[in-house]
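Each chain, letter by letter, is given below.
Protein chains: 2
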Amino acid sequence: MAERIFGHIPNVFEGDVFENRIALSHSKVHRPTQAGISGSQKEGADSIVLSGGYEDDQDLGDVIVYTGHGGRDPITKKQVTHQFLSDKNLALAINCQNGLPVRVIRGANHKSKFSPEFGYRYEGLYKVVKYWRKTGRSGFNVWLFRLEKITVDQALTYQVSEDSPIYSKTTRTLTAQQRLNRDYSLTLKIKEIYNFHCQVCNTKIFTNAGFYAEAAHIKPLGEPHNGPDTLDNILCLCPNHHVMLDFGGFTIDDDYSLIGLEGKLYVKPEHRINSEFIRYHREHFTFNLPHASQPSS
Amino acid sequence: MAERIFGHIPNVFEGDVFENRIALSHSKVHRPTQAGISGSQKEGADSIVLSGGYEDDQDLGDVIVYTGHGGRDPITKKQVTHQFLSDKNLALAINCQNGLPVRVIRGANHKSKFSPEFGYRYEGLYKVVKYWRKTGRSGFNVWLFRLEKITVDQALTYQVSEDSPIYSKTTRTLTAQQRLNRDYSLTLKIKEIYNFHCQVCNTKIFTNAGFYAEAAHIKPLGEPHNGPDTLDNILCLCPNHHVMLDFGGFTIDDDYSLIGLEGKLYVKPEHRINSEFIRYHREHFTFNLPHASQPSS
Numbered sequence: 001m002a003e004r005i006f007g008h009i010p011n012v013f014e015g016d017v018f019e020n021r022i023a024l025s026h027s028k029v030h031r032p033t034q035a036g037i038s039g040s041q042k043e044g045a046d047s048i049v050l051s052g053g054y055e056d057d058q059d060l061g062d063v064i065v066y067t068g069h070g071g072r073d074p075i076t077k078k079q080v081t082h083q084f085l086s087d088k089n090l091a092l093a094i095n096c097q098n099g100l101p102v103r104v105i106r107g108a109n110h111k112s113k114f115s116p117e118f119g120y121r122y123e124g125l126y127k128v129v130k131y132w133r134k135t136g137r138s139g140f141n142v143w144l145f146r147l148e149k150i151t152v153d154q155a156l157t158y159q160v161s162e163d164s165p166i167y168s169k170t171t172r173t174l175t176a177q178q179r180l181n182r183d184y185s186l187t188l189k190i191k192e193i194y195n196f197h198c199q200v201c202n203t204k205i206f207t208n209a210g211f212y213a214e215a216a217h218i219k220p221l222g223e224p225h226n227g228p229d230t231l232d233n234i235l236c237l238c239p240n241h242h243v244m245l246d247f248g249g250f251t252i253d254d255d256y257s258l259i260g261l262e263g264k265l266y267v268k269p270e271h272r273i274n275s276e277f278i279r280y281h282r283e284h285f286t287f288n289l290p291h292a293s294q295p296s297s
Numbered sequence: 001m002a003e004r005i006f007g008h009i010p011n012v013f014e015g016d017v018f019e020n021r022i023a024l025s026h027s028k029v030h031r032p033t034q035a036g037i038s039g040s041q042k043e044g045a046d047s048i049v050l051s052g053g054y055e056d057d058q059d060l061g062d063v064i065v066y067t068g069h070g071g072r073d074p075i076t077k078k079q080v081t082h083q084f085l086s087d088k089n090l091a092l093a094i095n096c097q098n099g100l101p102v103r104v105i106r107g108a109n110h111k112s113k114f115s116p117e118f119g120y121r122y123e124g125l126y127k128v129v130k131y132w133r134k135t136g137r138s139g140f141n142v143w144l145f146r147l148e149k150i151t152v153d154q155a156l157t158y159q160v161s162e163d164s165p166i167y168s169k170t171t172r173t174l175t176a177q178q179r180l181n182r183d184y185s186l187t188l189k190i191k192e193i194y195n196f197h198c199q200v201c202n203t204k205i206f207t208n209a210g211f212y213a214e215a216a217h218i219k220p221l222g223e224p225h226n227g228p229d230t231l232d233n234i235l236c237l238c239p240n241h242h243v244m245l246d247f248g249g250f251t252i253d254d255d256y257s258l259i260g261l262e263g264k265l266y267v268k269p270e271h272r273i274n275s276e277f278i279r280y281h282r283e284h285f286t287f288n289l290p291h292a293s294q295p296s297s
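Just so you know, the protein sequences line up as chains A and B, in that order. Start counting the first sequence at 1; every next residue gets the next number (UniProt numbering). Start counting the second sequence at 1; every next residue gets the next number (UniProt numbering).
For the record, the hints were derived by calculation from the structure and aren't laboratory data. Don't take each hint at face value.
One copy or two, it doesn't matter: identical chains are merged, so the pair holds either way.
Listed next, the in silico DSS-like pairs over lysine-lysine satisfying Cα-Cα at most 25 Å (straight line) [said to hold, decoys possible]: (1) K149 to K189; (2) K42 to K189; (3) K191 to K88; (4) K204 to K42; (5) K189 to K88; (6) K113 to K219; (7) K204 to K88; (8) K268 to K42; (9) K113 to K149; (10) K219 to K189; (11) K149 to K111; (12) K78 to K149; (13) K189 to K111.
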């Protein structure tokens, strides 16, 4: 198999339309002729095709909530079993963790006002900014991915170099989430309450500019989660436990016991946490953890 | 003192020119009438004025290497003592760690082809993407800050809300560094060599998508450091130690002993690290650590 290219394909431009999946495959924009996701769970996903329409998809143009792969009856297209965070779905999660861009193609049969009238249109690069699971309308678990369009300016990041076709930034990509307005005074406040100690491990990171901690939202900001930017939805965490919270490495029980890690979340009396938000986190960001709830919405 | 506003001032636009420092102060774009940096070491810096010209400044337009405050003789303007990462300089470091934007104003007496012909011109928002120290041309330590222009699209992040004038993203801002092309295959390679274990603490972060680690450059990519994107300049670190490496919480001796932390960097035989790069890190990113080298360039 040829090397996987992340980013634009040379000489293919946003808006280019391909007659069918074979033409699309020849262009290298999306190589598989059947699968909706091109990728591997080691490297990540390089492209996806929106077609048909999973019942939980949402297409807002520059923001797409994309349903993962698997569990549908090939004939009726109905969801008949759970989806898992494995294979192609896991590939998209790797994009999220590593900040890799994914090419998006909309097909004419994709149910959205942004779909082309015929064929398959290359829509440019998107970032996978969040992934979570929920019980789909079918009653089965599905994995969802929030994709956000990479603007022209940002896309410079993803230029293909002469030396290597696989180029990208690799630091943790919270860029799109960062686009959401957050109240900086709350960030200062939560760090003050805990004096920069992580509520999970009590670590206090030292830098040349003093102590360092991160303010982490339990129920994420923005569509479709719409968690509030309020202290009862914010934790003071070290970067390690922030990554683990965002990527479901652990979750929190109603009594603040940690699920997936030993111990208990340290919560000061003056810091009230809304149990609705930790329940939301349990239901949407973790799986296979002992005692983790099953998703309910 | 009025609340510090991060981001644009309502009704002031990029390119607006103010006759003098008093007019600039009244506009709220830069409130101090003397100081070049407006800010506090707790909240961060909200604005800076480029004027006169420190000998180590570089003004490339959208990228500015800005010399910190202090140590100059008030009459001759020559650097006569060391600068420290405290007070206003620390404020700029806080911007870097928290992703806060800083308003930039160029004065007519600033030595650059981007300077206005008269008065003080508001140049929009910049991010502080890196800070480090070096021995300036004077022979004394100075602290330098790499500023990068925030594009119109990114600036949406920093819109002032009706509820609170202090709005911004707060997650760790590696965005501008992320803009640098990096070879994703090296990221995969370094994680493979260490099987996702941190070379400092041996931690292996678990997420719902498998193990997680970060590839960290010892000598940073991009101007003015121009560290190479090669394996001998990359470490496999957990997010905590990545933050600490980038922000000088520790550094590394030639024999891989850690300076500022207990223990020794774990280095596998097949991973050769170039000692030039760890020396560069020692000299530019740390201070006040026992046994840390003094800067030499």
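Consistency of the hints with the structure:
no. : hint         : verdict
1   : K149 to K189 : neither (32 Å within a copy, 28 Å between copies)
2   : K42 to K189  : between (39 Å within a copy, 11 Å between copies)
3   : K191 to K88  : between (38 Å within a copy, 21 Å between copies)
4   : K204 to K42  : between (32 Å within a copy, 17 Å between copies)
5   : K189 to K88  : between (40 Å within a copy, 21 Å between copies)
6   : K113 to K219 : neither (29 Å within a copy, 47 Å between copies)
7   : K204 to K88  : between (37 Å within a copy, 23 Å between copies)
8   : K268 to K42  : between (40 Å within a copy, 22 Å between copies)
9   : K113 to K149 : within (16 Å within a copy, 35 Å between copies)
10  : K219 to K189 : within (18 Å within a copy, 33 Å between copies)
11  : K149 to K111 : within (19 Å within a copy, 39 Å between copies)
12  : K78 to K149  : neither (28 Å within a copy, 48 Å between copies)
13  : K189 to K111 : neither (44 Å within a copy, 40 Å between copies)
Checked against the numbered hints above, the structure violates hints 1, 6, 12 and 13; every other hint is satisfied.
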